[in-house]
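If you're matching them up, the sequences are chains A and Y in order. Residue 108 in my numbering sits at position 57 of the first sequence; the count goes up by one each step and never skips. Residue 391 in my numbering sits at position 68 of the second sequence; the count goes up by one each step and never skips.
Calculated from the structure, these hints are not laboratory results. Here the structure is a predicted model, which is why all the values come from computation and not from measurement. Hints may contain errors.
Derived PhoX-like pairs (lysine-lysine); straight-line CA-CA distance at most 25 angstroms [to be verified]: (1) Y:K583 with A:K229; (2) Y:K421 with A:K229; (3) Y:K512 with Y:K464; (4) Y:K378 with Y:K462; (5) Y:K664 with A:K88; (6) Y:K421 with Y:K644; (7) A:K163 with Y:K413; (8) Y:K462 with A:K229; (9) A:K229 with Y:K378.
For each label pair, taking beta carbons as the anchor points, the in silico distance ranges come out as [what the hints assert, rightly or not]: (10) Y:T346 with A:F314: 40 to 48 angstroms; (11) Y:K441 with A:L216: 55 to 63 angstroms; (12) A:E230 with Y:L408: 18 to 26 angstroms; (13) Y:K639 with A:G231: 50 to 58 angstroms; (14) A:L185 with Y:Y659: 26 to 34 angstroms; (15) Y:P554 with A:L216: 45 to 53 angstroms; (16) Y:S660 with A:L103: 27 to 35 angstroms.
Cβ coordinates follow ideal geometry from the N, Cα and C atoms, glycine included.
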Amino acid sequence: MKKDAQNGITFMQYIFIIHGSQVGTGVFSLPRILADKAGTDGWISLFLGWGLSVIASILIVLIFRKYPNDTLPELMIRLFGKIVGKILILPVIFYFAFFVWTILTSAMLFIKQWFLPMTPDYVVMFLLIAPGYLVASRSLRILGRYCELVFYMMILMFFLFLFPLGDSHWVHLLPIMKEGWLPIFHGVFSAIYSFLGFEIVFFIYPYLQKRSLAIRGVIIANTLTLLFYLEVTLICFAFFSPDGITEYNQPVFNLLKVIDFNFLERIDMLFLALYLFELSTAWLPFTFGAIFSLGFLFGTKNPARYASLLFLLIVVLSFFLHPSWNQNDQWIIFSGQAGLWFAYVFPAILYLYVLIYNRLRRSESL
Amino acid sequence: MKRAYLICLLLSLCALPGCVDQTYIEDISLSLLLGMDLDEKNRLVISSTSPVFSKEAKEKEENTIVHAVSLRQSREEFDSMITTLTSRGKVQLLLIGKRILEHPDWFKLLDALYRDGKNTTMSRVVLVDGSVADLIKFKPKDKPILPLYLLKLIDTAHDQNITVKTSLQELHRQFTEKGMSPSFAELKKDGQIKVKGTALLDRSGKYKMTLNADQTKLLRILQNETRGVFPFTIHLHEQPNKGFFQENITSFYPNFIKVKIKADYKNGGFVFDIKIKMGISMTERIFNYNVRKQAPELEKQIQEELQNQIRQMLEKVQAAKIDPFGLGLYARAYEYSHWKKVQDAWGVAFSDATVNVKVKVRIRAMGSTT
Chain A
52 MKKDAQNGIT FMQYIFIIHG SQVGTGVFSL PRILADKAGT DGWISLFLGW GLSVIASILI
112 VLIFRKYPND TLPELMIRLF GKIVGKILIL PVIFYFAFFV WTILTSAMLF IKQWFLPMTP
172 DYVVMFLLIA PGYLVASRSL RILGRYCELV FYMMILMFFL FLFPLGDSHW VHLLPIMKEG
232 WLPIFHGVFS AIYSFLGFEI VFFIYPYLQK RSLAIRGVII ANTLTLLFYL EVTLICFAFF
292 SPDGITEYNQ PVFNLLKVID FNFLERIDML FLALYLFELS TAWLPFTFGA IFSLGFLFGT
352 KNPARYASLL FLLIVVLSFF LHPSWNQNDQ WIIFSGQAGL WFAYVFPAIL YLYVLIYNRL
412 RRSESL
Chain Y
324 MKRAYLICLL LSLCALPGCV DQTYIEDISL SLLLGMDLDE KNRLVISSTS PVFSKEAKEK
384 EENTIVHAVS LRQSREEFDS MITTLTSRGK VQLLLIGKRI LEHPDWFKLL DALYRDGKNT
444 TMSRVVLVDG SVADLIKFKP KDKPILPLYL LKLIDTAHDQ NITVKTSLQE LHRQFTEKGM
504 SPSFAELKKD GQIKVKGTAL LDRSGKYKMT LNADQTKLLR ILQNETRGVF PFTIHLHEQP
564 NKGFFQENIT SFYPNFIKVK IKADYKNGGF VFDIKIKMGI SMTERIFNYN VRKQAPELEK
624 QIQEELQNQI RQMLEKVQAA KIDPFGLGLY ARAYEYSHWK KVQDAWGVAF SDATVNVKVK
684 VRIRAMGSTT
């Protein structure tokens, strides 16, 4: 497949696709999970998680530096041959599709919990997906434009969290590192899950117009995500008591509930409705990963067909499964663990493999 | 293909307005005030007040009082009594009867308000000294409907710092935070409704004592919550006090208040050093005094009077083994290893703590008369 210039994405689009796919529903419960594991030092874990995800994403870029026109499926076939390569793509497709499914079900559960408790699952799911299909059935460039637009729309969200600052108690954060490093390391595992999403670089790198900026791009994208997570986590820690924060499933919503203007109350509702845009930039890149690999597996390039297939499957599944919060939590844990292997461990192994592979080939040609 | 998709999308709109859980605004009774109390037989009584939007109705508010086992269950009881569905998304006040506070762990009863996402957590929590049912039946002729009247009463009183405004959200923090004890506004109906001050509870939720309006201001300062106005009126004992009208009175309000709190651990006990710095503007001084020349002396007298008041309040609060100031937060922040040993019984540890308060007052304006 030729990465034609017409389909390429700009540096900014590249950043916002990565950043968008990292920020999903996880941020709502992130402060609680970090507080659970690392107490009020959880925010330090975020820095460590950020460091690890930056290293992993740079590794991915370094792998593809050597094969600048390849996406992940093409690289697999180049390295392992046609049959083994195609078999290796299968879990990748499953991984991306499963991520789409988990993000969509949790979005659906949030909508049902806060707005439409009695509306059937599949109706909510269908309404969520229908507009997304318009983006998913097109090229990567459309996705890039969409992610960039949503990012600009969501900048206000960053400032919204500053309103509860008046009622915060920063003394909660002291003393820093109250129990030493051990709990912080426990928190790192939760932190790195929340940075998952950068593995989309496996697919979008060859489309980047200026590939020399790829490393800078992943660092900026990860840092944007870190800033957002850090803001939310620190303000939640300062607002809720350290012992009380673990009693809220999604502390971020309780934080937003507190903001009330004379003319507007219940910002949490408004926020969730707007946040659906942010969520769409999380599941759409994963959809792209899944249908791109599907297209590669079957040798035809028709994103619209694969997108409708995937989405239909999801709506039908939600009709029959009726996902519950507990199930969704299990799926998130499962996809998080899969992500740990796919996004953090796999690039390291692949990088070593590519290094050795190249050295062997060079010595052969000598 | 494109057109077909568009038509499908438009058709899906049909599903939207038909979302199964639609409710008409006419069918909702907006509960603005929620009351919890125990009757003589110690049964839980839940009451609710909501505005009536109807021209025919003579009364503009609707009171419902039911016996229930829990807050959520009371909603079904309400729905069986009034024609509309009860909504608790706009509850402005939660009144709690004093009889409830005689029992520990009543806080768990509020679970429904936190668990159900449709409920607001911004409702102000208020203690009623007396029966909640009596209070909500009160219909003063010269006041707006009761929920709005009480709301204004609490909010303005809080702006003057003569009581505290504790929202449900804040109450959750105060109950879960090991380093402090809960406190909220207290009302009493004595012919007329009056803000009594601030009720202080222990960590289990049992009522301990009430701080009056003046003490509440000091409480707020020690909590390092210095928003709003702090109008003080004090007696200076070093000034002459002769005649029928007490002459040693002066009033002032601080332009700024800065509070510095330090925690330390010495000789087996916590030591808190609290430094309060304020610049004041005088609004009343009944005795004669030359402020232009002898300001430092007057400042010193005011300082000592304030320090005395704070010391007296602290003694009472410490004797009750509670910490409404949240000084435990500072103990945790600066003496973590010692804090960890006492965190589950902070009230007891705090009653043994030494609290040194130093007030520094600077007169910034003496008013327009000398």
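We went through each hint and held it up to the structure:
A threshold of 25 angstroms between alpha carbons decides the hint, and for K583 of chain Y with K229 of chain A the separation of about 22 angstroms falls inside it, so the pair holds. Taking the CA atoms of K421 of chain Y and K229 of chain A, the gap is near 39 angstroms; set against the 25 angstroms cutoff, the hint is violated. Annotation: proposed proximity of K512 of chain Y to K464 of chain Y holds, straight-line Cα distance about 15 angstroms (limit 25 angstroms). The straight-line distance between the Cα atoms of K378 of chain Y and K462 of chain Y is roughly 19 angstroms, inside the 25 angstroms bound, and the hint therefore holds.
Restraint check: the Cα-Cα separation between K664 of chain Y and K88 of chain A comes to about 21 angstroms, which is no more than 25 angstroms; the hinted pair holds. Taken as a hint, the K421 of chain Y and K644 of chain Y pair is honoured in the structure, with Cα atoms around 20 angstroms apart against an allowance of 25 angstroms. Among the hinted pairs, K163 of chain A with K413 of chain Y is consistent with the structure: their alpha-carbon atoms are about 20 angstroms apart, no more than 25 angstroms. Simply put, K462 of chain Y and K229 of chain A have alpha-carbon atoms about 54 angstroms apart, too far for the 25 angstroms limit, and the pair is violated.
Pair hint K229 of chain A plus K378 of chain Y does not hold up; C-alpha atoms about 62 angstroms apart against a cutoff of 25 angstroms. Judged by the Cβ atoms, the range 40 to 48 angstroms given for T346 of chain Y and F314 of chain A is violated: they are separated by roughly 23 angstroms. In this structure the hint that K441 of chain Y and L216 of chain A lie 55 to 63 angstroms apart at CB is violated, the actual value being about 26 angstroms. Between E230 of chain A and L408 of chain Y the Cβ separation comes to about 49 angstroms, which falls outside the hinted range of 18 to 26 angstroms.
Take K639 of chain Y and G231 of chain A: their Cβ atoms lie about 40 angstroms apart, and the range 50 to 58 angstroms is violated. The hinted range of 26 to 34 angstroms is not satisfied by L185 of chain A and Y659 of chain Y, whose Cβ atoms lie roughly 54 angstroms apart. Between P554 of chain Y and L216 of chain A the beta carbon distance is about 27 angstroms. The supplied range of 45 to 53 angstroms is therefore violated. Distance hint check for S660 of chain Y and L103 of chain A: the Cβ-Cβ separation is about 31 angstroms, which falls inside the suggested range of 27 to 35 angstroms.
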